[in-house]
Amino acid sequence: MQGILRIESASKSFQAPEGGVIRALDNVSLTVAHNEFLTLLGPSGCGKTTLLRAVSGFEDLDGGEIYIDGQPVSDQPAHKRPVNTVFQRYALFPHLSVQRNVAYSLEVRGVAKAEIRQRVGSMLELVGLAGMGARKIGQLSGGQQQRVALARSLVARPKILLLDEPLSALDKNLRHKMQQELKTLQHELGISFIFVTHDQEEALVMSDRIAVLNGGNIQQLDAPEELYRRPANEFVARFIGESNLLDATVVSVAGARCDVVLTDGTVIRDCPVNGLKRGDPAKVLIRPENLLADLGQSGSGERAGHEISGTVSESFFAGTDYRLVLSCQGLPPVRASLRAGPGTSHHTIGEQTSLFVPHDAVHLIPGNGVPA
Amino acid sequence: MSRGHNTLENRRKLTLFGLLLPPSVFLAVFFLGPLAIMIVYSWLTPGLYGGVEWKFFHLNYGRILGWADTKYERFDPVYIEIFLRSVKLAATTVLLSLILCYPVAFWVSRMSDRMKNLVIFLITLPFFISLIVRLFAWVLILRPTGFFNQALMGLGLIDQPLEIIFTGTAVVIGMVYVFVPFMFLPLYASIEKLDHSLIEASQDLGANRLQTFFRVILPMTLPGIVGGSIIVFIPSLGNFIVPSLLGGAKVVMIGNLIEQQFLSARNWPFGAALGMMVMAAVLVLLLYYIRIVTREERRSGGSKVAEEVAA
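So the protein lines, in turn, are chains A and B.
Here the first sequence is numbered in this note's numbering, starting from 1 and rising by one per residue.
Here the second sequence is numbered in this note's numbering, starting from 373 and rising by one per residue.
Extracted from the complex, chain B is given alone in its bound form (with noise of 0.2 angstroms):
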């Protein structure tokens, strides 16, 4: 009997492991492979003419970092302000589509099912246009001469032109508006799924309605709330179109300096480290998640879930 259920078992094993055996083997190789190299890169010294040497070099980071030999490399605070104004950008992007999607999101869980679909669909309209091609629309809405400026000026309210282009509200406005559907979902997830007799219990124990929503609501929806914002934040930090089609030269952000790295100084190692950098940042922010969200699921019947483990 045991038997027979130790073969069945093991059966079930080998065809989980035949069907995750192509995905792992591929993101080992194309993913895990070159981040190593990444790694290792920014740890060697800069080639000529482009290219690496194989000897150990940390100047690399004492360049962004503070620590330099004059000989070599020089350290320069700009490396370290362009990663926390890329920081201040999309943390701001991040806190605009919040504001943006929470209320439209709740707002999308009250509607009849047909809408909610019709609404979702819309939100992931804009995936079927290359980024390029809207990224230039914005150009045109921005600029000087543009219709966002037009508009202003016939309605008398300014005027000259108001310089938006190149500026770092272009280049929020533009994150957000890439970024909103990556927003948009986990929020509308969690806020969907929660019970609206909760909310009526709040009001019922005598809670008014900011109470109601920073006991209530506002916990709830947490785990959306960050599952949305990192997912934001993590490829705004490291953006590089957004900034270059509506920075400009103006505003650098950490992705435009990697790539300068890479293509034009043809300086790896630096790139590399660099590009060390941001995946620091969004370590930090995902073990952070990661903390809550395993908080969350300990706090709802994480009982259950160990006895399940341990079963």
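With the rest of the complex left out, here is chain A (with noise of 0.2 angstroms):
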């Protein structure tokens, strides 16, 4: 695939204070494509800070070629790239005006002064500035120096827009807000972003793809529902939503479809077999809000090999559901999210109860969680 940025095993490490040495990047490889949204996501030190740092031009590589629409960028000081960040802190020049902050990279550019007014004023009423021009960056609301920052680093076209963690610094709802501006924006323009964020649901909510990266290693780079419904590895399955991740070993495969056994004995059928075959050790992955409550016919030839039974440990009401921890012999604590819809009832806790596991809530990581 020809994309827009294309990294080719990019390695870096740093010197850590303390001695001994950082590996922020470990032969990471990506490509993105052409007008595609793209997240770099994962925990504080996982490297992806500095892969988009070695994007922008301000982290040389160790090893690895960065190639921007097909030309290899490793020479170009940060200046001359097509490419243009929003910082987590704006970092907006405090000496300058609303307009003379978006009229930057054109001014340095040496840009006619009538094309400037002209494309400044145009971007400004893109990211709802109109009229704004002649503010003072220190009178402005965090939204708003946040919208300045897009629409300056927007402004000279570039051919992908770099974002570091720049809604960290906002309230929840405002958050939310510009979580869909962004989107909306980037479909406008058509241009290829790459976000960074340690928010997995701000992750899912806007990405094309998410690359989950981990020390310094891509874990898993795939679309969101994907990466939620079929996670690679145990670290993208814990780091993306809710789990219960249960050790479990394959008994029995028939095509596409297998039996594992958990450690307490008990037997899920019709798991998706995810290429494992019999004997293997495996993680059953079962997302809390896909168990559903027994429905009190347990044993029952239908139900037998989808349930799990417990006590219930902890039980409270959350709104839209129940949430419940089953402590079960032999296993961690199960969590599940019921609905709270009409008829449904709260469980008391020491109940006994089961909880119905659909064919199609598990999903089989392979080995003992570790990833390869």
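Since the hints were derived computationally from the structure, they do not count as laboratory data.
Heads up, some of the hints might be wrong.
Only pairs whose alpha carbons sit at most 30 angstroms apart, straight line, appear in this in silico DSSO-like list of lysine-lysine [said to hold, decoys possible]:
#, chain 1, residue 1, chain 2, residue 2
1, B, 565, A, 136
2, A, 80, A, 183
3, B, 565, A, 80
4, A, 136, A, 159
5, A, 172, A, 183
6, A, 113, A, 159
This one's a predicted model, so the numbers in the text were calculated from it and none came from an experiment.
Take the two lone chains and join them into the complex the hints point to.
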């Protein structure tokens, strides 16, 4: 695939202050398509910011190459690369007005004054700041500063826009609003966005694809739904969404389906096989919201192999659903979110119950969850 | 409720007043008082054997600025020459110490906290030694048989000793040496708080190093540059120790002239008038500085400041 950005085997190490070496990027390869919204997601220190800074030109790679629109850029200093960045704390110039901030990249390129005025004007309109050009940066709210930062980095029409956790300083409501606006903006402009965040919900909502990073490696690169439903390893499963991860062994395989046995002896039937063979160890991933309340026919033929039984050890009502924790002999606690609709009721603590496991709600992660 | 608030407020004001009173009185008596005496003296007639006669006399200024009554005093352009030479030497001192300090301040601002403190300490270290001693050391370095000329001749770069001592160059070297810490500290303060991400943002937006310097770094550190320049310019302009030791009889600055009028010529009113010239130059500079600083404040969220003042 010839994308707008191709990263090949990027490696970068830092000298740790206490001595020793930190591998921030360990042989990372990645291609970003034209017009794609790609998110780099991971905990702090996973290498996502280093990768972004390598693309913008503020970090030299130890090895590997970065191609922007087919051109290798390792020899290009930051100011010559056709990418722009929205910084975490915006980094707006406090001594310049909104207008001059947005005009900055055009001024340094020597664009004619009339054209600057016209482009800055339409850019400010696009981000909803029409008529605010004369304001000082110190007079703007956090959300307005965010928009100025966006306008400033988009006005020169970069091939890729890099966003370094730009929403982390905003309060929750404003953040949700900006998430939608960013997504819309990206659609309208047709520019590829690379968005760095540690907030998995933000990543799921906005992205076309998400690259989950940990320890300088890409753990998985997939569409949000795929990532959530079929995480490649235990790290991804735990990092994105809530999860129950139970140790299991495959006992029989039939076509695309298999049966597994949990550590307490419970058998779960008809799981998607995911390349496993008989006798292989696996992690069973069940999302809490995919478990269903027991309907009272426990042990009957239809339910056999599709339920987990235990004692309710925690139970509370959370509006749209009941959250409960089931303690089962020989298993880690199993968490469930049961839809709270008409006719449903609260489980009491200490109650014996079984939860129904629909067969399409199970995903098997090969191995013991240790990333290969 | 509001009464309790008021008494508390009043008590606070009273405490503040009490704390500010002694220094205010001290300054009024020992700073404003003598200053007023100088202003008055500069308009009085010089006494025959020193001191003053209490009679209005404008020719002290006339001698300097060009109106004179030949019966009493003659206009002599040498005073304006000396004044302009002093301005030139002081301005050169400012420029050289600025060029010297700016990159160093940048370099120090990137050091670890421990190194920063050490460097700041080292820069203030010369204050521990008497200025006279340090300046005589410069006499020894710069004179024809001194270290500097010996070194250059030893290296074969020159055949004859350079004439440095008792020139304007020597005076500038001495003043730069004396006033460099005063330039460094305000410069460092404004460079230290410069947000590095602004420099990255500038580069990211396509500005090269030169553009980044002139469009972001320079304007953001301007208050430090102006502050340091003024703090160096004022004492350089009125300086008389450095020119009298390193400038000798050839390089006279206005400070030396004032000193001579008070101590040797015993013409106090004329000395006072010369002093007023220096004061006027300094006042003009201070007003300019205040304008720049207030503009700076207005720029960085002036509305907030206004709100605070209103509240």
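Evaluation of the provided hints:
With a C-alpha separation of about 20 angstroms, the suggested pair residue 565(B) and residue 136(A) falls inside the 30 angstroms cut-off, and the hint holds. Distance hint between residue 80(A) and residue 183(A) is fulfilled; the C-alpha atoms sit about 27 angstroms from each other, no more than 30 angstroms. Under the criterion of a C-alpha separation no larger than 30 angstroms, the hint pairing residue 565(B) with residue 80(A) is consistent with the structure, at around 27 angstroms. A distance of roughly 29 angstroms separates the Cα atoms of residue 136(A) and residue 159(A); the hinted pair therefore holds under the 30 angstroms criterion.
A hinted pair counts as satisfied when its Cα atoms are at most 30 angstroms apart, and residue 172(A) with residue 183(A) qualifies at roughly 17 angstroms. The suggested pairing of residue 113(A) with residue 159(A) holds, with an alpha-carbon distance near 23 angstroms, which does not exceed 30 angstroms.
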